[in-house]
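Please build the complex by placing chain Z on the supplied structure of chain D, with the hints as guidance.
So the sequences go chain by chain: D and Z. Note that my numbering has the first sequence beginning at 1, numbered continuously upward. Note that my numbering has the second sequence beginning at 387, numbered continuously upward.
Rather than coming from a laboratory, the hints here were simulated on the basis of the structure. Since we're looking at a predicted model, the values are computed, not measured. Among the hints, a few may not be true.
Simulated pairs of lysine to aspartate or glutamate, EDC-like, Cα-Cα distance not exceeding 20 Å [what the hints assert, rightly or not]:
| no. | chain 1 | residue 1 | chain 2 | residue 2 |
| --- | --- | --- | --- | --- |
| 1 | D | K344 | Z | E405 |
| 2 | D | K210 | D | E197 |
| 3 | D | K354 | D | E177 |
| 4 | D | K344 | Z | D395 |
| 5 | D | K89 | D | E39 |
| 6 | Z | K470 | Z | D442 |
| 7 | Z | K470 | Z | E459 |
| 8 | D | K354 | D | E176 |
| 9 | Z | K390 | D | E342 |
| 10 | D | K344 | Z | E396 |
| 11 | Z | K397 | D | D172 |
| 12 | Z | K397 | Z | D417 |
| 13 | D | K354 | D | E86 |
| 14 | D | K135 | D | E105 |
| 15 | D | K38 | D | E108 |
| 16 | D | K344 | Z | D417 |
| 17 | D | K273 | D | E8 |
For the chain Z half of the interface with chain D, some residues (derived, Cβ under 7 Å), not all of them [unchecked claim]:
| no. | residue |
| --- | --- |
| 18 | V402 |
| 19 | D406 |
| 20 | S430 |
| 21 | V436 |
| 22 | A437 |
| 23 | T443 |
| 24 | Y447 |
| 25 | I451 |
| 26 | G452 |
| 27 | H465 |
| 28 | T466 |
| 29 | L469 |
Just so you know, even glycine gets a beta-carbon here, dropped at the ideal spot from N, CA and C.
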Amino acid sequence: MDTFTGYERANGSVGVRNHVAIIPTVSCVNGVAGLIAKEAPLGVPLFHGHGCGRAGRDLELHVRTLTNLGKHPNVGAVLVVGLGCEVIKAEHLSSAIAESGKPVEYLEVQAEGGSLKTAAKGLELLNGLIASVGKEKRTEVGMDRLIMGLECGGSDAFSGVTANPSVGVVADWLVEEGGTVILTENTEMIGTSHILERRACSPEVAAEIKSMIYAAEQRTRDILGQYASLVIAPGNMDGGMSSIQEKSLGCIAKGGSSAIKQVIDYAGVPSEKGLVLMDAPGYDTESMAGLAASGAQVILFTTGQGNPIGFPIVPVIKIASTSRLYRSMEDDIDIDAGVVLEGKSLADVADDIKSLLVRVLNGEHSSAERNEQSGITCLYVTNPSF
Amino acid sequence: MEPKVLVIDEKDNVAVALEDIPAGSEISLPDGRRFDAVSHIPYSHKVALVALSAGDTVVKYGEGIGCAADDIEVGELVHTHNLKPTEGT
Chain D
1 MDTFTGYERA NGSVGVRNHV AIIPTVSCVN GVAGLIAKEA PLGVPLFHGH GCGRAGRDLE
61 LHVRTLTNLG KHPNVGAVLV VGLGCEVIKA EHLSSAIAES GKPVEYLEVQ AEGGSLKTAA
121 KGLELLNGLI ASVGKEKRTE VGMDRLIMGL ECGGSDAFSG VTANPSVGVV ADWLVEEGGT
181 VILTENTEMI GTSHILERRA CSPEVAAEIK SMIYAAEQRT RDILGQYASL VIAPGNMDGG
241 MSSIQEKSLG CIAKGGSSAI KQVIDYAGVP SEKGLVLMDA PGYDTESMAG LAASGAQVIL
301 FTTGQGNPIG FPIVPVIKIA STSRLYRSME DDIDIDAGVV LEGKSLADVA DDIKSLLVRV
361 LNGEHSSAER NEQSGITCLY VTNPSF
Chain Z
387 MEPKVLVIDE KDNVAVALED IPAGSEISLP DGRRFDAVSH IPYSHKVALV ALSAGDTVVK
447 YGEGIGCAAD DIEVGELVHT HNLKPTEGT
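Extracted from the complex, chain D is given alone in its bound form (with noise of 0.2 Å):
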């Protein structure tokens, strides 16, 4: 069996990075995060846009997912800080995290008398838990502990060709290791529900990924009206795809051929090993925020056109579908799939991805963590606030 060697969390998990995660509750204190994060660089901000202004379905899905982003298992210990008027209160959503049991603080910019002293105070605390977590060590443990996120951003005509299915070969391999893959962007399964449904472990996961494909059918007609096509219909895609299922295919080819153990909401965590589906949209940093929150360690990124985005706590691994993208986005690239083109096999290249994953998880900075690529994270949204 391959391994790696992580951070074993007190909950199970195994993190590849011992981060602390400094998150606001509100993105009205994202100032406050960034005059904390600007005085101690191993503190990580995750920076969002949410947090108030919204109930229902979105608000129990932000709860979730910045919960679920602060137990990450890559996470060591929360800095969480809140506001004090918002929605997700910063005491709630600290304690929800620390039932992972990892050290969470919190504080509150209008409890503390403002931007300045909230910044001071959250130093104090970061640099405490930065201290905690700074004694753990890594141990080896098994593939099967890993929990790998998919995701395809700025796609061309050879990423389906190139590096998808190379990243489909990994993603075989981790589930025979025992490990656990997810496979997101429902609007890029769109013709191909027939063929998922066929790989489904029981009628129950088959219903449940017809239910999500066609969902995510109406609600692009929905939101495209007549320019759905453009997306949904065959024929006006450029680069020689000729149906929705072509191109589709090329998307899903990163999934593997292994069967599909389970349909997961967005940001919820796969409680099966093997490949899981996310019902996630094909939005690369709302995709990538929600495999973030599912607990993937590490995300594998196919791009044809070249995408530099990375993720503030999860190495994201750049994987490119043509030399010639390899060539001129080099610093943003970890690897170049478009030498299948000049007659590597798949195979080859899925060993060179394997090889550098074992690297980037005992350690190494992908391109995209090197580069500073962390952004903010987008968290997806159902409706609109009020």
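This is chain Z only, laid out in the frame that chain D set:
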């Protein structure tokens, strides 16, 4: 000689062009099969590996991506002009 086309799955009856392939130029597959392109196959488009009759399933990634709208010759371009979506999917 570098391969001009890539067969993704052994069940596939089309291959992907890795370069612009002019009509008349020879295409050889790793398994030794050889045939000529009967139409221009643009970069990243598909070429038929076997003769298909109207209604036959076009297979890529080992799965159906549609069916032949007309009879398709070995070496012919397969795209929206001669491939229609499979009903009911």
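Against the structure, the hints:
no.	hint	verdict
1	D:K344 / Z:E405	holds, 16 Å
2	D:K210 / D:E197	holds, 7 Å
3	D:K354 / D:E177	holds, 12 Å
4	D:K344 / Z:D395	holds, 15 Å
5	D:K89 / D:E39	violated, 25 Å
6	Z:K470 / Z:D442	holds, 10 Å
7	Z:K470 / Z:E459	holds, 16 Å
8	D:K354 / D:E176	holds, 13 Å
9	Z:K390 / D:E342	holds, 9 Å
10	D:K344 / Z:E396	holds, 17 Å
11	Z:K397 / D:D172	holds, 19 Å
12	Z:K397 / Z:D417	holds, 13 Å
13	D:K354 / D:E86	violated, 44 Å
14	D:K135 / D:E105	holds, 18 Å
15	D:K38 / D:E108	holds, 18 Å
16	D:K344 / Z:D417	holds, 16 Å
17	D:K273 / D:E8	holds, 18 Å
18	V402	holds, 5 Å
19	D406	violated, 12 Å
20	S430	holds, 4 Å
21	V436	violated, 17 Å
22	A437	violated, 18 Å
23	T443	violated, 11 Å
24	Y447	holds, 4 Å
25	I451	holds, 4 Å
26	G452	holds, 4 Å
27	H465	holds, 5 Å
28	T466	holds, 5 Å
29	L469	holds, 5 Å
Violation of the numbered hints given earlier is confined to hints 5, 13, 19, 21, 22, 23; the remaining hints are satisfied by the structure.
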